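Position chain B relative to chain A; hints supplied.
If you're matching them up, the sequences are chains A and B in order.
Just so you know, numbering that gives the first Met the number 0 puts 99 at position 100 of the first sequence, and the rest follows in order with no gaps.
Just so you know, numbering that gives the first Met the number 0 puts 184 at position 185 of the second sequence, and the rest follows in order with no gaps.
These are calculated hints, taken from the structure and not from any lab test.
Source: prediction; values computed, not measured.
There may be inaccurate statements among the hints.
[Unchecked claim] Mimicking DMTMM-like on lysine to aspartate or glutamate, the simulated pairs with C-alpha atoms at most 20 Å apart in a straight line are:
#1 Lys-238/B to Asp-68/A
#2 Lys-223/B to Asp-68/A
#3 Lys-223/B to Glu-71/A
#4 Lys-53/B to Asp-112/B
#5 Lys-223/B to Glu-61/A
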Amino acid sequence: MSAAIDRSAIEAFVFAEARLLDERRFREWMALYTEDGAYWVPAAADQTTPFGQASLFYDDLELMRTRIDRLEHPLIHVQTPPSRTVHVVGNIEVEAVSAGPTPELPASDMLVHSSFVMVEYRLDQQRMFAGRQRHWLRDVEGALRIVRKRVDLVNSEAAFEAIAVPF
Amino acid sequence: MPDGSLNSRGIEALVEPGRVHRRVYTDPEIFELEMERLFGRAWLFVGHATQVPKPGDFITTDLGRQPVLMTRHHDGSVRVVLNRCTHRGVKLVAERQGNRPRLVCLYHGWTFDPDGTLLRVPVDEGCAPGFRLCDFNLAKAPRIGVYRGFVFASLSPTGIAFDDWIAPMRENIDDIVDRAPGGEIALDAGMHRYIFRGNWKMQTENLVDSYHVPFSHASTVNRKGVQFSRREGDDEGAKVVDGQRTASQWKQRRSYAVGYGHGWTSNTELNESGRSSAVYDEYRHALISSVGAERAEKILTPRMHNSLLYPNASFMGLNMHIRVIKPLAVDLTEVNIYPVRLIGAPEAMNARNTRLLNVTHAAASFVQSDDLEAFGRAQTGLRSRQTEWVDISRGLGREEPVDAPESIATAAGTPPTVMRAMATDELVVRGQFRAWLDYMRVA
Numbered sequence: 000m001s002a003a004i005d006r007s008a009i010e011a012f013v014f015a016e017a018r019l020l021d022e023r024r025f026r027e028w029m030a031l032y033t034e035d036g037a038y039w040v041p042a043a044a045d046q047t048t049p050f051g052q053a054s055l056f057y058d059d060l061e062l063m064r065t066r067i068d069r070l071e072h073p074l075i076h077v078q079t080p081p082s083r084t085v086h087v088v089g090n091i092e093v094e095a096v097s098a099g100p101t102p103e104l105p106a107s108d109m110l111v112h113s114s115f116v117m118v119e120y121r122l123d124q125q126r127m128f129a130g131r132q133r134h135w136l137r138d139v140e141g142a143l144r145i146v147r148k149r150v151d152l153v154n155s156e157a158a159f160e161a162i163a164v165p166f
Numbered sequence: 000m001p002d003g004s005l006n007s008r009g010i011e012a013l014v015e016p017g018r019v020h021r022r023v024y025t026d027p028e029i030f031e032l033e034m035e036r037l038f039g040r041a042w043l044f045v046g047h048a049t050q051v052p053k054p055g056d057f058i059t060t061d062l063g064r065q066p067v068l069m070t071r072h073h074d075g076s077v078r079v080v081l082n083r084c085t086h087r088g089v090k091l092v093a094e095r096q097g098n099r100p101r102l103v104c105l106y107h108g109w110t111f112d113p114d115g116t117l118l119r120v121p122v123d124e125g126c127a128p129g130f131r132l133c134d135f136n137l138a139k140a141p142r143i144g145v146y147r148g149f150v151f152a153s154l155s156p157t158g159i160a161f162d163d164w165i166a167p168m169r170e171n172i173d174d175i176v177d178r179a180p181g182g183e184i185a186l187d188a189g190m191h192r193y194i195f196r197g198n199w200k201m202q203t204e205n206l207v208d209s210y211h212v213p214f215s216h217a218s219t220v221n222r223k224g225v226q227f228s229r230r231e232g233d234d235e236g237a238k239v240v241d242g243q244r245t246a247s248q249w250k251q252r253r254s255y256a257v258g259y260g261h262g263w264t265s266n267t268e269l270n271e272s273g274r275s276s277a278v279y280d281e282y283r284h285a286l287i288s289s290v291g292a293e294r295a296e297k298i299l300t301p302r303m304h305n306s307l308l309y310p311n312a313s314f315m316g317l318n319m320h321i322r323v324i325k326p327l328a329v330d331l332t333e334v335n336i337y338p339v340r341l342i343g344a345p346e347a348m349n350a351r352n353t354r355l356l357n358v359t360h361a362a363a364s365f366v367q368s369d370d371l372e373a374f375g376r377a378q379t380g381l382r383s384r385q386t387e388w389v390d391i392s393r394g395l396g397r398e399e400p401v402d403a404p405e406s407i408a409t410a411a412g413t414p415p416t417v418m419r420a421m422a423t424d425e426l427v428v429r430g431q432f433r434a435w436l437d438y439m440r441v442a
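Just chain B, same shape as in the assembly:
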């Protein structure tokens, strides 16, 4: 039993191969450590370049609890700077998004370029002797990494190299972006936001949990055992239940863990050749014109369902979206969901995806709302001290190594081992806690 202290041994005692101590979800001190050691170090998703198309464009977001700006500088480059005036600490920009060629602090008028350079301060004759503008530029995220327009940042100058961290998940990002006939997507279709009274890890675990679906989402499953017709040109969809039991097709799904806490679940095999509608056929034609029939067929056979880029982002291919997890407190979490627009696909196809996402992932959706109920009730249940441990042992010892995809093998550094299990197993949850320990045990 953990003795309660949070030195590295105390932290290691919270995570065992098949169970974790309830404190990892409930202890405010551990949450503070997570903000420092995990969210203060890890690569975090910030935004997509299409959210700031023109010079002066910005979005505001938070990395851990630190307010940041993603901007488009005058030279066309994308920057990530801390949203905090270097004078008295005021948050520079309050809006979610907009365009400002100069960022002017509301308090004393200090004026910055979108790359964070301090340009001028009012009443400069009053500045202290030796005051230099260049000493007061906005703090920058020490490291930035970009893959296919997706911008990630680390708030630590050292740590895992971006290329190593992203390598095992590049194919998962490609799996979505390649579906655009021109190979480019945009995050410009609005945003869903929800909040729940639970620990952030409940969301990262749930993303790769195929075990809960037939039970948590029983109220959305139709008579045929299918949740919804989820895709343009496909009225069938994946069978979730067979009568009262989990459908055998659902049980065939797999999950994968690839180190760094990353992982994904595979799709149920769907009838791709039978997929057709006027809109879908138009889209398929556009994709074939762009990449050829063979490549198009491969792209149109989705292999991944939900992919987690640990710790703060997931990419879902089925109803295409990017999800960002924002921990607010040990028992409070915000989530933002951006619909993915495939540039060059028929407008009706993108509209269909957006409508589906309303139904599955809005705060008022049919699916996500029941997950939120589960997260809130888990947080309440974990107040119980009579049962100290949370079980994550499904499939422990049954996972098997598989050949690493080429994209991993060609990355710098040692390629991590890819492990596979049933999607109803808790392999990917265990993988998250291994990564959690790697971040958390180091002071």
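The following block holds chain A by itself, in its conformation from the complex:
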């Protein structure tokens, strides 16, 4: 871990990421990811792989771009009107990454554990998501970037109403 990136910088990064989502600044959110980055929300607890198993989200940068194009499209019915969300992120723990890169998880410098609650409001309905999230981060010339964000919802196997925005 770079000496320049201390714990408070990591916390600030995770909080800022959540704020970009809450402010629907999706392009800026995507820019936090490395070129080989991915955003993953498994559809089952303890799911070991996004490949060959159903997931709620498994977006590499290309899919993320398509998703954001759609979020900005005037005819995205499920976001007309758009959701409003608020994230609360806490319980942040930082650990050094000891395992080497694998085909499923490229190289990273640190693993950040946190818990979150996201409340979403749209069309008179309010609902709540909660879960644990893990950010595998890489120090790219002094700036933190996301190699992998894995979100494990406490109810990952549940039957959900339509979900349009990332957690």
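Leaving out everything else, chain B in the frame of chain A:
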């Protein structure tokens, strides 16, 4: 105008050739009747044998609103039993899936075999005089039918024979299963689940509706007018729109109705010969080794897009999955989607299908989410009493009979007529309501 009573004449008055009364989607009494007369009688998809590979394996699901277990018995056979202890009515198994050589009720410890046989009860000296274990076996689904590992059950001892019911749709199932080099698929790649605040029929209608795609899914269509590159080795895909209008290729698609409420939509013709990638070529080679070049070519030219086995299952060939529709209330429906794994195909090919399915049919997908918005808003709009009727008349009178496939002709019973229309027509929706009436008007 329907007078409101739900005798057989009242029910028949709800369905006209080109329109249905809004009550079929909104009336809780009609929903209760559907659970009894339609879901309580029809052949319903339960699961696939690969979900319970070993003795003692089980999955839990619901047929209509009735909880059932599909198990693998000690003798290797697949059973469908009601998930309800015969003592005090407790649901025996709560988990979605697992393995238990014996099913023990949590309440008083009554213990059953996977085929439902009651083996023992604690404190048996306290049982009533004349108590016999064999009188308290788990209730079984009265009828079970299996085709290529797909297990269906009927909760009624009488009704359409399974062979007659499945015959018109066997080719649609083959269309997917034959793509596996060994001719076998597995449902072991997890499950998508979504729920919507709408009537279950909105989902069965939408499955065979090619009319909505360019409009409902406008936000997923790229500059070339294509939704996504949907298949391994094919970066082009089916053109949906041309500028702001529905593409002529899309309009050429057809829909088919074959009785019993079944129906399907055909694919846009795609460039099969140009389809290639390292993974796809490896797969094609495996299939040719297994079935020969001529047969492989036929299998690899998909003809069907989405096929509905009325009333609770659909099979999609494009991004391969099985979908199960579970009505929960008149205005609440759950849907489960199983990715299909082709046994013997390259792992990367199956992984590609699973990833595509995340994008198209997960609750967080690009496509299904807009359909769910449409279903919810339809349910809200149908509260309006100023417009009593829902129009399903597109293409009415334009449908034409076509030659029945061989598989239908060889089935027992009278082969149903196969009707064809444009896929943007509502032929298959009308077919669903004809079947709906057949179930619903009989007390």
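Status of the hints after comparison with the structure:
1. Of the supplied pair hints, the one linking Lys-238/B and Asp-68/A holds, its CA atoms being roughly 19 Å apart against a limit of 20 Å.
2. With a C-alpha separation of about 15 Å, the suggested pair Lys-223/B and Asp-68/A falls inside the 20 Å cut-off, and the hint holds.
3. At roughly 18 Å between alpha-carbon atoms, Lys-223/B and Glu-71/A fall within 20 Å of each other, so this suggested pair holds.
4. For the suggested pair Lys-53/B and Asp-112/B, the alpha carbons sit about 14 Å apart, so the restraint of at most 20 Å is met.
5. Between the alpha carbons of Lys-223/B and Glu-61/A the distance comes to roughly 17 Å, so the proposed pair stays at or under 20 Å and holds.
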